[in-house]
Amino acid sequence: MLHSSRLFATVAVGLLGFALAAPAAVADPVKFDFWYGLSGDLSNVVQQMCSNFNKSQSDYQIVCTSQTDYDTNLQNTIAAFRANKQPTITQIYDIGTATMLLSGAVLPVYQLMADNGYKVNWDDYIPGVKLYYASSKGDLWSMPFNSSTAVLYWNVDAFKKIGKDAAPKTWEEMAEDMKALKAAGYDCPLATDITNNESWELMEQFSAIHNLPISTENDGYDGLDAKVMFNQTKFVQMAQDLKDWYDQGLVKIKDAKAGESYEAAFADGHCQMTLDSIGDHGTIGKTAAPDMHWATAELPMFAGFERHNSIVGGASLWVLNGKSDAEYKGAAAFLNWLSQPQQALFWSTETGYIPVTKSGYDFMVKSGFYDKPPFKGREVAVESLSEGTPTPLTRGIRLTVMPQIRQEWGNAMQAIFAGQISVQAGLDQAAQRSDADLAKAAAQYQGKTLP
Amino acid sequence: MNPAAGPHVIPANAGIHLASVSASGAVKIDPRLRGDDVAPAARAGRKRRVRGAAASTRKRAVFGNKWLGFAFAVPQLLLIFTFFYWPASQALYWAFTLQGPWGGGNQFVGLDNIKAVVTDPVYWDSVVRSLIFAGLSTGLSMAIALVLALLVDRELAGNRIYRSVLVWPYAIAAPALGLAFRFMLAPQAGVLAFVNHIWPGIWDPTLNGNEALGAIIFAFAWKYVGYNFIFMLAALQGIPRSLLEAGAMDGARPLRRMIDIQVPLLTPTLFFLLVLNITDSFQDSFGIVDIMTGGGPARATNLMVYKIYFDGFKGLDYSGAAAQSIILMLLVVGLTFIQFRFIERRVHYN
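Quick note, the sequences are listed as chains X and G, same order. Everything in the first sequence is counted per this note's numbering, starting at 6 for the first residue and increasing by one. Everything in the second sequence is counted per this note's numbering, starting at 12 for the first residue and increasing by one.
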């Protein structure tokens, strides 16, 4: 009895203490969720940005949660949406764009900003970036966030040894340079990999800069019954060349599962060239030896083709349906804050990603950002994205089953490089299976059209 | 004895008095002499015992509280329902409808999904690879475990340490195991890298499908050696020593004793482990495949369980993945049935 009354007294005093300790009730900031698919270093930068936003105003509070990687974030967003517990903003990777556009679960960004009274200069976005995420009418459905493109990283010291001071501009020149590097004693002139991830650098970017189709329907923009075409374009020649160079020892396959990834192999100086995302520019800068001189260049092309803009990679921010108006106000405020040039500068300083607006890029050029290491070399990516006017084949990729198509491509390349199948037969097989996946997806989305 | 005294009760500490005489002169014969009091008592006791025995076959020990037993079972039932029956029924539903990733559009398509899966040559390739994986990894791990258990049972030096340590790999989560083996078997940086120095390119699981399959078989078998070992050792300890001694006296050498006495008596455990290993190899292999090879190279390690994950979660083809998982469940059930039907006949239960 005494026991329980003592306990009661303790609890009562505790509660009273809590009540006294609580601050006077102020209007609580509106909380809204932001799920993103980055981890490690990049995740820390995102968290930093979120806390900067929260500190800059007191009306809204963004809660940022890392979902580890893009695939997991897409899966979790879908699962949350089905359970009606979705976040307000979610970061979805480039090849998830078509899935999001057809989902019926998004509130287009242009509409969000208009509804909340923000005037955004949509034409300020770099065309190569904007058209990836825009509807057929040219309205942006998602906000480009971390954008990148593929570039050629090359080792200046090694090239000096073979008497060159510029990276090769064509694949023919590349072949000669690789032979010269091999003769000069470098064991690994070019490092790459052939999993589904490298479809981006080796096939998709290749097709865009050569203005070649990846699939019919203008890479999926014009309709859902597309068929892939990478087994019929100049890419077949590219694949054949890569296989021949691999057999000659000029191209090495470097995979993290085998010991070292290709960007790590380049940073270590084991390999002299690699094709990789500009997003790794910061990492390579931090992990390369201080006395190693390296630079970036635009991707090489086959002679006889006119260079076009490469396509953007990375991810964009999508706003989901089913949230409250207050949360949408907060989301609009956050997206508006994010598009300021200072935030673009912060983001591009802390990570390897590039600015997505022309004004942001100009602001950074004027402030001398690209003049000195470690940021010198990233302007190549912006130039690559801004090359000329985008054509219907260089806007981007809008195929819902792109993850499967990449997997089929990767399987085919692995079979080709292992000598199990010829280049044309392997790519044909990949195309056949990709078309089956596309047909299945068309059935799944029957009756829907891309906005 | 004093006949004149009142009725005598035979005191407890008295010896046996054969008779006593009451005041009325009646002679009371010691009932023990008479025998029928003993007998009745004994008979009664026996009867009581018999009755008790009969009663105990008739009268069961009843646990009065009906609800307590049910209450104990409820948590387990809830778990089974939440983590098996509910997802399985959802999978069945998805397998027969066309699921859009974002929900909605539950259009009934009958057997179309299953037909699409079954007519896909890549799917059958995956099934064959899963069966090869199941057979080889189970065979490898059980063979090694059997040898180790037989040796430890013979009390070879260090057997106490082996008993404790050999089961630890089973406790390692499959992804952690996959990561460790990925590093160890990396062609350029791992334990086998020296082989690549002598014969360049001979060990390359990133491009050679058979080597990749061998790597995951080895990793999976390694994990289950300890698990199999513990069960086999326990079963071996249950074999009466006298049998082995009899065999030894008859001149059988250790190997012969192992083959002819211990292994046949071990067959119930071996059968049980066979069923468990094969079932586990169909689903516990996911972590290893995902970390070590990602289904590659060129689909060489694309086991059924990994294909379900990839098609469902990366390809967002929920209907196809659900159809595949139904087929996988039926396959495992079928394999278990076959094992019980045909292999159990050869098991010596005694």
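Simulated from the structure, these hints should not be mistaken for laboratory data. Incorrect hints may have been included.
[Unchecked claim] DSS-like cross-link-like pairs, simulated, lysine-lysine; straight-line CA separation at most 30 Å:
1. X/Lys184 - X/Lys381
2. G/Lys126 - X/Lys257
3. X/Lys453 - G/Lys77
4. G/Lys325 - X/Lys445
* **Hint numbers not upheld by this structure, sorted from lowest to highest** => 2 and 3
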